[in-house]
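Colleague: Dock chain B against the given chain A, drawing on the hints supplied.
Protein chains: 2
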Amino acid sequence: MQELIRDLIQKNDTRIIMIVLDGIGGLPINGKTELEAAKTPNLDSLARESACGLHIPVSWGITPGSGPGHLGIFGYDPIKYQIGRGILEALGLGLDVKKTDIAVRCNYATLRDGVIVDRRAGRIPTEQSRRLTERLRKEINRIDEAEIIFAPGMEHRFVVLIRFPEPVSPEAAMLPDTDPQKEGKKPLKAEPLSRPAERVSKVVEKLINLSHIILKEEEKANFVLMRGFSVMPHLPSFEEAFGLKALAIATYPMYRGLARLVGMDTPPVDGDIKEEIDYLMERYKEYNFFFLHVKKTDSYGEDGNFDGKVKRIEEFDRHLPEIMGIGPDVLIITGDHSTPSLLKSHSWHPVPLLLKSAYVLGGLSSRFTERECLRGELGILPAYQILPLALANSLRLKKFGA
Amino acid sequence: MQELIRDLIQKNDTRIIMIVLDGIGGLPINGKTELEAAKTPNLDSLARESACGLHIPVSWGITPGSGPGHLGIFGYDPIKYQIGRGILEALGLGLDVKKTDIAVRCNYATLRDGVIVDRRAGRIPTEQSRRLTERLRKEINRIDEAEIIFAPGMEHRFVVLIRFPEPVSPEAAMLPDTDPQKEGKKPLKAEPLSRPAERVSKVVEKLINLSHIILKEEEKANFVLMRGFSVMPHLPSFEEAFGLKALAIATYPMYRGLARLVGMDTPPVDGDIKEEIDYLMERYKEYNFFFLHVKKTDSYGEDGNFDGKVKRIEEFDRHLPEIMGIGPDVLIITGDHSTPSLLKSHSWHPVPLLLKSAYVLGGLSSRFTERECLRGELGILPAYQILPLALANSLRLKKFGA
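First to last, the protein sequences are chains A and B.
For what it's worth, our numbering labels the leading residue of the first sequence as 1, then goes sequentially.
For what it's worth, our numbering labels the leading residue of the second sequence as 403, then goes sequentially.
It is worth saying that the hints were derived from the structure and are not from the lab.
Among the hints, a few may not be true.
Unchecked claim - Computed list of lysine-lysine pairs in DSS-like fashion (alpha-carbon distance at most 25 Å, straight line):
#, chain 1, residue 1, chain 2, residue 2
1, B, 413, A, 182
2, B, 687, B, 647
3, B, 622, B, 608
4, A, 11, A, 399
5, A, 206, A, 138
6, B, 801, A, 182
7, A, 296, A, 32
8, A, 185, A, 138
9, A, 206, A, 99
10, B, 413, A, 344
11, A, 80, A, 245
12, B, 413, B, 713
13, B, 801, A, 296
14, A, 206, A, 220
15, B, 441, B, 713
16, B, 501, B, 608
17, A, 344, B, 647
18, B, 540, B, 608
19, B, 800, A, 80
20, A, 182, A, 138
21, B, 676, B, 713
22, A, 344, A, 296
23, A, 344, B, 800
24, A, 99, A, 182
25, A, 202, A, 189
26, A, 182, B, 800
27, A, 80, B, 501
28, B, 413, A, 295
29, A, 296, B, 800
30, A, 295, B, 801
31, B, 482, A, 80
32, A, 274, A, 296
33, A, 202, A, 185
34, A, 274, A, 311
Claimed, not checked - To be clear about the criterion: a stretch of chain A counts as covered by chain B if any three or more of its residues have a C-beta under 8 Å from a C-beta of chain B, and this derived list gives those stretches:
#, region
35, 76-83
36, 344-356
Note that beta-carbon positions come from the ideal geometry of N, C-alpha and C, so glycine has one too.
So that you can see chain A by itself, here it is in the shape it has in the complex (with noise of 0.2 Å):
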């Protein structure tokens, strides 16, 4: 299919704005979605004008993370190409993870006796464990021929890139875990699983080692674990894919760390939609694909705010005006995947979507809701092929065959 789409490629001036509401998606309380108790008027007349449908993020009854969520939209298959957990947690973190780094998820742990006695340090304050990732920075800086980069993160967690000269393949970073997942064992040794990984072994090991003595003062955090080494993933660049030109718009690290997975342009943007809505339009002219996500409508369906959600769906409906008057040839608005409140989490429910162009029937779905989805044209379509219809309806797709 990538093939067949990058061979029928044409391009043009025409643009394609994309809005991601973060797991938009939701599911009944008192009978109604969040999306149906929201107050949406021109979400609502946009609706009646678009094409209409729901996407399945991965694949039936699969919840996805965050990674495989952004994937699908952008036109990867999640399932295809998976995203390593180190790699994920380091685009959390907003750092720059090139091809020649094996990213590694670390905990600060204790260690009484050569066995752990607290996986997480007993959860230290996130303000103590930035100052021993900075003495970690200060003491390593390279080990054998790699460089070593600190970057700290939340309580307990900090991420490690290890930087080799040259790039390096998948293989390298077949290692286990160190954790050994319960308290009162011995840390795992990271031996290599393939032969690429043994000079990546030999430098976590001695990182392992050389951070147990610069921190074996340390009451709780003593030692430190590793998990989820992995590589950046090898994906085709959304230009290479699509032909297109794209601006990432996110607050969140973690979303422009996803957008600059697939080469989308990614400067870091403060605020909130309005903000990033100025931006896009300052922007307009030098791009002809723009990815604007919007965090809080996740983050209020994971701590089951049902009412904050609501509100954060009707904030959204009152600056939709101003994207409408950008133009763009075709909108897209959507969600990564489904948070109803109810569940407190993402979900594996399908994903309200909408699609506004010249092109588009219309008349069928009278809101922009799940239920109301269900009757669009676009019916129940995997995530990734909705960069193919964004593209047919801004005319970037020839006839395939004669």
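Modeller: Frame of chain A, contents of chain B only:
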């Protein structure tokens, strides 16, 4: 996909009941399908608060037999996992087929001067056929290193299991049918089509010759034709694939046999829907998945008896409150395929599907019928995606990716 599901499984104490109304889907006669003509107040109210849709058992336009039909709703792609004819016939007769066995469908036939003059031995009565099979059973116990097991069937049909001392590979069953398909022709040789089939071929040849000697005084049934040489398919068990301990409740041997193929427990159950439900309640604490099979909806469809099928649907509807009363976390009601009375046979039409859990939208379908299920939130999906959905709705799948 199967690997993905396996990696995401988390166990809990939820219970899933899947009711299979065999051949439930239909077509309109005088404007209404069997489900539309039936008075089903209980199914109607359940449909209103459930996720509804239709499943495609195998693929568009493909009419499934009972084997592929059930594999699909058990969560296995029926194109990937095919069940040999000999195996299916043996399961239908209630035989306990082992990994050491080659199963073969056999016909009594009439041989004159070296050619087959009647491929079905004049469809001899079942009683006579049973006596002949019993005679073969008494005289032939073992050929070379293989044990020979005979099982009588209806009319001219019976089944042979060729049981070797050790497990056999699928290659060992690579033998052509000996049935020439036309009267007036010689029976064909079961020439081996692979190395492992060579010793099987020798056993088969001796078996055919021995049978002919034993039966040679018979007027009609003096010869045996053999078809559908096959071994047990290699399926990951239901427990491995989905982490569920499963009980199959079915009165017909064929459906217990199909359930046994995927490792469900399959005690024999006598009686009708009422007895099946009672038995389910009795064993409810011991399992987390229950496959409850209702046969009669299909039989009436196959007879072209529209009103009879309607009555069986209404009968099931009267039992529905008892099933609801058990209070499963997930209740699924569907069929293995459609059997429209209009066609008097299985058909390719998508099959109505209803899934009730605490995590559905509902409110989209007003009845459990083909046309109302089309309005539902599940859309049209492949049968083998029902199981992942059931797992998700019982919160048995972890998030995919961070």
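Colleague: Flag every earlier hint the structure violates by its number, smallest first.
Modeller: Violated: hints 8, 12, 17, 20, 24, 27 and 28.
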